[in-house]
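**Q** Residue numbers (this note's numbering), protein chains in the order written: chain A, 1 to 367; chain B, 1 to 367; chain C, 1 to 324; chain D, 1 to 324.
Everything labelled a hint here was simulated from the structure, so no lab data went into it.
Check the hints yourself; a few may be wrong.
[What the hints assert, rightly or not] With a Cα cut of at most 27 Å, we get these calculated BS3-like pairs of lysine-lysine:
#	chain 1	residue 1	chain 2	residue 2
1	A	Lys214	B	Lys214
2	C	Lys33	B	Lys283
3	D	Lys33	A	Lys283
4	B	Lys240	A	Lys214
5	A	Lys240	B	Lys297
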Amino acid sequence: MTAEAPRGADAPPELIQLLTPEGERVEHPDYDIELTTEEVRSLYRDLVLVRRIDLEAVALQRQGELGLWASLLGQEAAQIGSGRALTDADMAFPTYREHGVAWCRGVDPVKLLGLFRGVNHGGWDPYEHNFHLYTIVIGSQALHAVGYAMGVQRDGADAATIVYFGDGATSQGDVNESFIWASVFNAPVVFFCQNNQWAISEPLEKQTRIPLYKRASGFGFPGIRVDGNDVFACLAVTRKALADARNGQGPTMIEAFTYRMGAHTTSDDPTRYRVADELEAWKLKDPIERVKAYLFKNQLADQEFFDKVDAEADALGKDVRRRCLELPDPGPEALFDHVYGAPHALVDEEREQYFAYLAGFEAGAER
Amino acid sequence: MTAEAPRGADAPPELIQLLTPEGERVEHPDYDIELTTEEVRSLYRDLVLVRRIDLEAVALQRQGELGLWASLLGQEAAQIGSGRALTDADMAFPTYREHGVAWCRGVDPVKLLGLFRGVNHGGWDPYEHNFHLYTIVIGSQALHAVGYAMGVQRDGADAATIVYFGDGATSQGDVNESFIWASVFNAPVVFFCQNNQWAISEPLEKQTRIPLYKRASGFGFPGIRVDGNDVFACLAVTRKALADARNGQGPTMIEAFTYRMGAHTTSDDPTRYRVADELEAWKLKDPIERVKAYLFKNQLADQEFFDKVDAEADALGKDVRRRCLELPDPGPEALFDHVYGAPHALVDEEREQYFAYLAGFEAGAER
Amino acid sequence: MTTLTLGKAINEGLRRAMEEDPKVLVMGEDVGKLGGVFRVTDGLQKDFGEDRVIDTPLAESGIIGTAIGLALRGYRPVCEIQFDGFVFPAADQIITQLAKMPLRSLGAVKLPVVVRIPCGGGIGAVEHHSESPEAYFTHTAGLRVMACSNPADAYTMIQDAIRCDDPIIFFEPKRRYWDKAEVDLTAPGLPLDRARTVRHGDDVTLLAYGPMVKTCLAAATAAEGEGRNIEVIDLRSLNPLDMGVITESVQRTGRCVVVHEAPVFSGFGAELAARISERCFYHLEAPVLRVGGFSTPYPPSRLEDHYLPDLDRVLDAVDRAFAY
Amino acid sequence: MTTLTLGKAINEGLRRAMEEDPKVLVMGEDVGKLGGVFRVTDGLQKDFGEDRVIDTPLAESGIIGTAIGLALRGYRPVCEIQFDGFVFPAADQIITQLAKMPLRSLGAVKLPVVVRIPCGGGIGAVEHHSESPEAYFTHTAGLRVMACSNPADAYTMIQDAIRCDDPIIFFEPKRRYWDKAEVDLTAPGLPLDRARTVRHGDDVTLLAYGPMVKTCLAAATAAEGEGRNIEVIDLRSLNPLDMGVITESVQRTGRCVVVHEAPVFSGFGAELAARISERCFYHLEAPVLRVGGFSTPYPPSRLEDHYLPDLDRVLDAVDRAFAY
Ligand SMILES: Cc1ncc(C[n+]2csc(CCOP(=O)(O)OP(=O)(O)O)c2C)c(N)n1
Ligand SMILES: Cc1ncc(C[n+]2csc(CCOP(=O)(O)OP(=O)(O)O)c2C)c(N)n1
Ligand SMILES: [Mg+2]
Ligand SMILES: [Mg+2]
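Excised from the complex, chain A in its bound form (with noise of 0.2 Å):
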């Protein structure tokens, strides 16, 4: 580890920064980090295969198996940095991109297809990993993450809640109300934004006319931007949040600056509103090449290890897929359960009939 100052001389000052984009450690007054080997590696690894999770996912789109997909390409260390920070009780809500994060959490990627197949609104018990449901009505997660965190608050529970959402949500009513409940209620919660630059065709500057962290002071809780492409930083910085939100030190806003690599999602053309010579920009920053220069400079890893992280990636990749594929189609029961939990007269009857017209269609059929 050296003391360098920061070599990405383009980032804004006031970003917190561990490993610049060369793969050189730099020190942070508040936010330093020891990471054993073991760990650093084992951050890699989970980088190397959420990117090629997503690429798989990518591919299983384009060929027509998933109706949709929203790739975290560029937002890797973001999501497994602060995904890596976060313990066993500690909640997680996301909004649609999080797969880095619900990796970190356990969930099986093959369930965070089921949306983008078409096969269920989400469908994994939120509960199991404490990891919530995606949510794609832009912001109103962040409400449900203080709402969960005031819960956890009255429970006295050795636990905080962490909720995702990007640059453009920030301009939502219910994102900026969630700040006032928990800045009120001293709510155990961090406000996680990956501030990936664009939301769909709309560059920042259509949101805010100021670094998005500073909002939280205006609020009356720390905001705090961080390098969202450093994995280390973000794992830092974010398990100081959090730590100190169960402490009862209140919310704090994270604003992690990344940079959404690939198209918004797999219908969107981002040729139309912005020029390649950002993404170029953007590439020299990755991720991922900043850990493998910081392992190997280091001699932390050898090329065998790289070549053994590639490997298992491949094997995932190509397990997601024929899973992805095995993903059975919903009956048309799934119309009409979990619509309520108890016993609901209209639902009943709809389905009755509705069964009843399949089974006359089909007697229809075969005479």
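With chain A held as given, fit chains B, C and D with the ligands onto it using these hints.
**A** Same frame as chain A, but now just chains B, C and D with the ligands:
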């Protein structure tokens, strides 16, 4: 004018004050203001007259002539100070309590009573005096004001927009979204928040844990806290903010630190939730008394002047009362008029049916 | 038996529910020290503390959104929307989250959230304080919608609503808050999805809920003089509907008038009329008629007597039903 | 005559409206450089500039709220809600402000705001992207609600909506955006509150709007083989309704089936069924039947073919209508 330090000892340090509760002028490096004797006397007159209108309205409500009244008692300086800062071309968006601002805009006070008497939902022409309709859904007018300001901007007009809301309103998504819009589009708008310490029964701490004016900084524009019971300071600060808006400097948030001396509305019973001491403490900071003291001490007005204003107030009160009682009840046609601008078959049909019903009913009653 | 107003009956019901289950919370604007603008939560914060009776920031989306979060953590929040007209800022949280999250989770998530809404007109209030927004919620799959009309029902229905694992929009007829009746604090109520025939009759069926039940009962009494025997059904549950009770009645009487305060056009009465017209096609001697508000915003209070269905307008519709 | 897709027809209509009146603005998420996720506003920002085609922050309440403010200043904003399911954060601004402000001002204020909403399912999308929220707005007095179904109508209807001084919710059938037809760019359309009989027939009337018009036409064609002569009416305006065209048809055919994608329960079809049942009481040979979505949240896309009314379900209802 003296250069003494403010004597409102418990006033928060960040408070901009030009006139102490004792009637001493204080200077402020950024917000000083020159007022002629006539101007000060005129402000005094405004303060007294709007308090009188308010008193009369409360009495009218007690006597069953109004269904409800939202008193401005204690907030006169915030409203007259800011209201007098407006030019004719500026547009004001009120809540339901800005009777003092309405007065400054030239709106006939009796017009304000219609809503509270239940003869209409507002019913003045907002364009006549550039004073928008009262808005009851908390915070929704903040977005209207920003949109209007964006229109002003597109017109290249030399005008600003001011929007009023309370401390409670700052928790609404709409108000926070309006901050974002104003900031991103650099809209010529002034957010004038009357922090009267209460949102019905909820004290300020239920809406924020830091001073409200600091909210603005999180959105990238200046926030200022002014002594809301100091009409000079309110005038000076608002004038500056409006000028900034007109000059392309974008939005400002002003927090007028004041107190709701009365009940939330005539339906409310504040003894259920606040202690009498608080009211007593604020009585010492009365917005009218300090101007009177200033005029008196500096021999800018004599008893004759004060008596004349009181007499004028009484006459105004009587006039308002008389004309309130004369407000015509709407006929049933008012149910259907103005719901749409263009002809609308459904409303036309319902109007026709209902009048036929009424006619048949009367015919029946005659039998 | 105890004599209670409808408002107090809900207050008692809330108190029982909170005693019974420590996970039950009450939250909303001014529900704490003030006890709500209608005093429905009066005394609860004093007895159960600020952690269970929560005065929230002034934002309805925030109230419902955080209630969802609390429910995800195992709590059973009862949210108060101060007035009917202020439920709309929470529309997104109610419609896209509260209603849909259980299905989204394939049943892993239950959201036992009750949203209490004082509704309807007749109290001389200003704009937005007299709305009847039930149709926005009856059309929203995933929600149950209930409306109480009298103190005894109010007392049991609120408790049943809180006990139910589904999200429920619970309408309280604000102008009936001060109506008094005997309430048995120990007897269980009808199941929460059942309608009640509150007056028997064979000539025509009046369907009503919430504040209009009393109006319909008065109309029925008045019509007795003219020799008309009117049946009045209090729906209690708007989604789901108790179609058994409704169709049995209309098939017997052959005539039906639906009464609510909300605008008729695209209102909940339309569903009742459409459904009954289908189920009772061969029994109807007249079309199902609807009495309700006009297709105009709720008027200023000096006009509300024109807007609100009253005894005369109900009887006029009954007469028209008999004219077929 | 020009061949245009429905999406392009709206694009052309917007362009004309913007050329005609410099006060017309387009605003919403991604409407500028991207031209909207469906490209309906494609090219407009390039030609009319960023002041007239405004990429807004990501907040629907903000879009409608600021559009109201712009309208108060004399502009005529056309707002895009990116997908049907995202209109709910704007519900309060639409329902309590946009719809009610003109009356509140006793006519002094006009709010010529058009809210464009791509609606309906059938495109294999994820949750919240296939909703049919029309009933929330048809029930809201003060709003006009329109739904276009084909390129020619779309072209004139959007222009008429923009010219109208009333606030309008304008539904666009997203799965028909790519449907092509001949459009006369100079001919005026039907008045904006008129229905159109798109197929004549004497046996049964199908009422539909938006995406279901095409489905009903297909059903009618299929039924021809069985000797059934089906009339299809495209409502075009949901509020107000063109009751003249509707009742004339149903009184003639004696049978009526209403079709929409939204859940049947408390949906807009209920109003149609209730109103027709009343107006055509003596003419109906069968009850008005409704075909629509189930009382469940819109399902994941692999189930949407079950959820959405199709030719078979429409014909099944027609058969049932004939079985009476
Ligand atoms: C309430 C709402 N409005 C609009 C959309 C459509 N939409 C989906 S993603 C998106 C942009 C989100 O941007 P951001 O918050 O920055 O997250 P990112 O996709 O960049 O991760 C929009 C507008 C939505 N999902 N929800
Ligand atoms: C959206 C909405 N929710 C609730 C209310 C009920 N209500 C009326 S005034 C008020 C408190 C407002 O407090 P504040 O914003 O501080 O303004 P003040 O009345 O103190 O001037 C509340 C909760 C409302 N009018 N609108
Ligand atoms: Mg983004
Ligand atoms: Mg206040």
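**Q** Would you list, in rising numerical order, the hints stated earlier that this structure does not obey?
**A** 5
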